[in-house]
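K.L.:
Turn these sequences into a full structure, and let the hints guide you.
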Amino acid sequence: MLDFDAINADKILTRYDIKMESSEKPETIAARILPKDPALKKVAEDVMNLKGKLIEDDVKAALKSNAPEIVIQDGLLKGMDVVSELYGRGIYYLPHVMVAADAFDKGMKLAEGAMSTEKKTKGTAVMHAAEGDPHDIGKNIAAVLLKSNGYKVIDLGRDVLVDTVVDSVLKNKPNFVTGTALMTTTMSAFPRITAKLAENDVHLPFIGAGGAVNREFVESFDMGVYAVAAKDGPHLAAKIVDGWSWHRLREKWDDIIAGKI
Amino acid sequence: MALKNFTKMEYGSADEIVFGDAKYPLSYGLGLKVGAGFVSPEINFAPRPGTEKTVERLVKEYVDYITTDIMNRAVTLGFPSLQLENEWIHQMGNDPKKYAAPVVAGQKAVMKKFNEEYGVACAIRHTCADPRLAEMGLREGMDKTHMYPEKTIESFEVAAENGADVLSVETMGGKEVADYAVVRQDIRGWLFGIGYLGSIDMAWIWPQIVDIAKKNKIVPGGDTNCAGANTSMFMAGGYLDKDIPRTFSAVTRMIASARTLVAIEAGATGPDKDCGYEGPVLKAISGRPSAQEGKGAQDAHADLMGNLMAHTCDLWSNESVEYHSEFGGSSVQCWLGVIGYEAALMNAAKQLKQDKILRDLYVASDRFRCPEGFCICFDNAYQIGQAIVDNGKSYYLRSKAAGLKAAELVQASNDKGRLKLSKQEKDTLNKILTDLNSLPDEEGKFVDWALKEYKNVPAFNPKNYEL
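The listed protein sequences correspond, in order, to chains A and B. When we follow this note's numbering, the leftmost residue of the first sequence carries the number 1, and every step to the right adds one. When we follow this note's numbering, the leftmost residue of the second sequence carries the number 1, and every step to the right adds one.
Careful, some of the hints might be misleading.
[Stated by the list, open to error] Covered stretches of chain B (in silico footprint by chain A; criterion: 3 or more residues with CB under 8 angstroms from a CB of chain A, positions within the stretch not fixed): (1) 49-60; (2) 84-94; (3) 187-198; (4) 237-247; (5) 391-399; (6) 422-431.
Hints listed in this document are in silico derivations from the structure and should not be mistaken for laboratory results. Cβ atoms here follow ideal geometry from the backbone N, Cα and C, with glycine treated the same way.
P.N.:
Here it is in structure tokens:
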């Protein structure tokens with residue numbers, strides 16, 4: 001056996017991730033986003049610092065001096081804004097986002113319970129993993145990211161029949177539908193869904209994603225809009241609720257995904 | 001049925017482990033020998049989307065196009081031997097008699113024709129689908145809607161009766177908890193999901209697969225934790241990815257090795273599944289032949305251990321490629337060329353008795369590229385295997401021991417300045433060590449705690465595991 005420790009690994013590989021590690025401290029980035037009000041700041045920090053055990057007490061305290069809408073907007077959502085910023089810069093990893101979203105959810109339940117009217121959401125998504133496909137981790141991550149960005153999610157689960165998706169869309173009238181697939185032979189359910197929606201005169205963006213799915217395939221059928229990863233969901237959703245059609249989403253797709261617009 | 005657990009290593013030392021040789025070689029199919037001083041390519045493929053719409057179209061795709069193309073190219077390039085792998089698509093597993101039987105029989109007929117005409121040694125592995133859904137029930141009689149547990153078992157029977165030489169599967173047990181844990185970076189949850197629940201599910205399904213294989217005089221190959229550890233590895237990704245720290249994925253992989261070992265304990269003889277990157281640990285413990293993939297599987301995914309993964313393989317795989325045209329022929333022909341030539345290099349090294357040098361060069365190239373690759377290097381894999389067999393009788397304790405040993409090896413190399421880690425990877429590693437060390441020494445106490453801690457995980461039903 002050779003002496004492996006004798007190798008100068010720097011000559012055969014470059015750890016670009018270590019080279020590019022952010023020099024800016026998370027606290028400095030957070031300070032630019034966090035609210036000034038001490039009670040709201042505490043709520044936002046609980047989300048940012050993944051403090052699921054503290055958040056319920058802190059939301060209750062914030063509700064004593066703030067309307068529930070303010071606690072949501074300037075406390076909970078600000079906390080998620082910090083999380084998104086840190087994730088975007090590569091300081092936070094996905095599990096930070098997921099655990100922060102768990103804390104966010106706990107806080108939201110309390111704040112929503114204190115509201116006199118139903119909370120307004122930015123829009124609604126019907127989500128599913130394709131018929132015959134048991135892989136749904138990507139869909140679950142995308143659902144968390146959409147929910148923590150203010151969207152209502154109707155999650156139909158995995159291995160979902162085409163007709164179940166169509167029925168849900170007709171019943172719930174969402175802004176968009178998502179479908180994910182890991183296998184090439186299950187993603188063929190996507191165009192069957194959009195064809196049935198068209199038969200019912202429903203025309204809305206169908207975001208297709210997943211390991212086996214590619215842009216060429218998703219754009220081969222009407223309504224299809226491709227997403228590379230779960231993090232693209234909120235960007236595409238923002239445009240959809242702004243009234244963008246699937247045609248326009250496709251046309252400007254590169255810029256949306258690159259975060260240029 | 002109680003299975004016989006490994007409590008000692010089949011190899012006396014790490015240095016004995018090398019590609020192309022296994023302590024328990026195999027001979028099967030149409031003259032194929034595996035682990036008997038030779039490496040063969042294993043080519044895997046997927047049909048084009050849309051071909052699943054009718055049985056006739058699917059058979060044409062698999063038999064007339066894919067299998068025929070592969071056999072033609074093997075002869076064209078002078079490869080003396082090869083294995084094919086058919087990973088079943090959903091339609092085949094959902095209606096095995098209608099969709100799978102003609103495909104399996106048709107592929108074998110083409111292979112026989114080439115074997116008789118040219119003498120090319122070959123065999124085919126059928127990796128049946130495991131579509132079972134935890135929320136519907138993993139055991140027979142539980143899923144009244146889809147009957148997936150029954151269809152899974154039926155799939156092996158149909159494959160075995162119609163021409164499969166090797167049976168394999170990528171089982172899904174424990175995935176519902178592992179998925180929940182991996183996105184929360186919760187190593188204790190992952191240990192419970194894959195190390196414990198996954199092992200219990202393997203101990204249920206694998207004796208059945210082994211019985212079917214024995215009845216049909218074919219080979220029960222092995223499993224892979226594709227559904228768990230590969231999810232973790234792909235999320236960890238490369239240096240631009242920030243979904244899972246690579247120290248986390250490394251430890252999940254090593255925990256998975258204790259789980260995948262259960263197939264061999266149930267009677268699987270190898271070759272295990274190519275996408276099980278836990279293969280080097282399994283080979284170190286069991287001496288069974290191993291299929292692996294790395295740089296020749298760039299058609300399916302990128303990983304940070306492309307050369308390294310070849311160092312203990314007995315079959316060298318491309319993972320999977322969708323059938324389509326390339327400049328050099330069809331995709332299966334091109335990728336067979338990539339893996340077939342690599343196998344030829346390994347076989348030349350073996351003939352000239354330079355195989356251990358080549359093994360070490362494969363390792364040297366990628367040893368410090370990522371923590372997962374570091375753990376899989378044969379010397380470290382051997383130590384992790386030893387930790388597993390030292391705790392061999394408890395699924396929980398051996399999985400925990402594998403995870404702890406992996407974390408300690410990574411930390412020791414980082415402390416020496418060899419394996420570099422990012423800040424996030426280091427923080428995660430420290431938390432893993434703290435979390436695993438805080439767990440009880442008794443399986444019962446751990447299970448009691450975990451059942452409470454994870455009771456609200458979506459789709460988790462203890463009855464799937466008889467708990």
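K.L.:
Tell me if chain A covers the segment 391-399 of chain B under the three-residue, 8 angstroms CB rule, please?
P.N.:
Check failed, 0 qualifying residues.
K.L.:
With a C-beta cutoff of 8 angstroms, work out whether three or more residues of the segment 187-198 of chain B approach chain A closely enough for the coverage to hold.
P.N.:
Three-residue rule not met by the segment 187-198 of chain B, so violated; n is 0.
K.L.:
Does the segment 49-60 of chain B contain three or more residues whose Cβ lies closer than 8 angstroms to a Cβ of chain A?
P.N.:
With 5 residues in contact (Cβ-Cβ under 8 angstroms with chain A), the coverage given for the segment 49-60 of chain B holds.
K.L.:
Given that the segment 84-94 of chain B was listed as covered by chain A, double-check it with a C-beta distance under 8 angstroms for 3 or more residues.
P.N.:
holds (count 4)
K.L.:
Taking a Cβ-Cβ distance under 8 angstroms as contact, does the segment 237-247 of chain B have three or more residues in contact with chain A?
P.N.:
That given contact holds, which follows from 6 residues of the segment 237-247 of chain B lying within Cβ reach (below 8 angstroms) of chain A.
K.L.:
Taking 8 angstroms as the C-beta cutoff, is the stated coverage of the segment 422-431 of chain B by chain A satisfied by three or more residues?
P.N.:
holds (count 3)
The structure fails hints 3, 5 (numbered hints given earlier, in ascending order).
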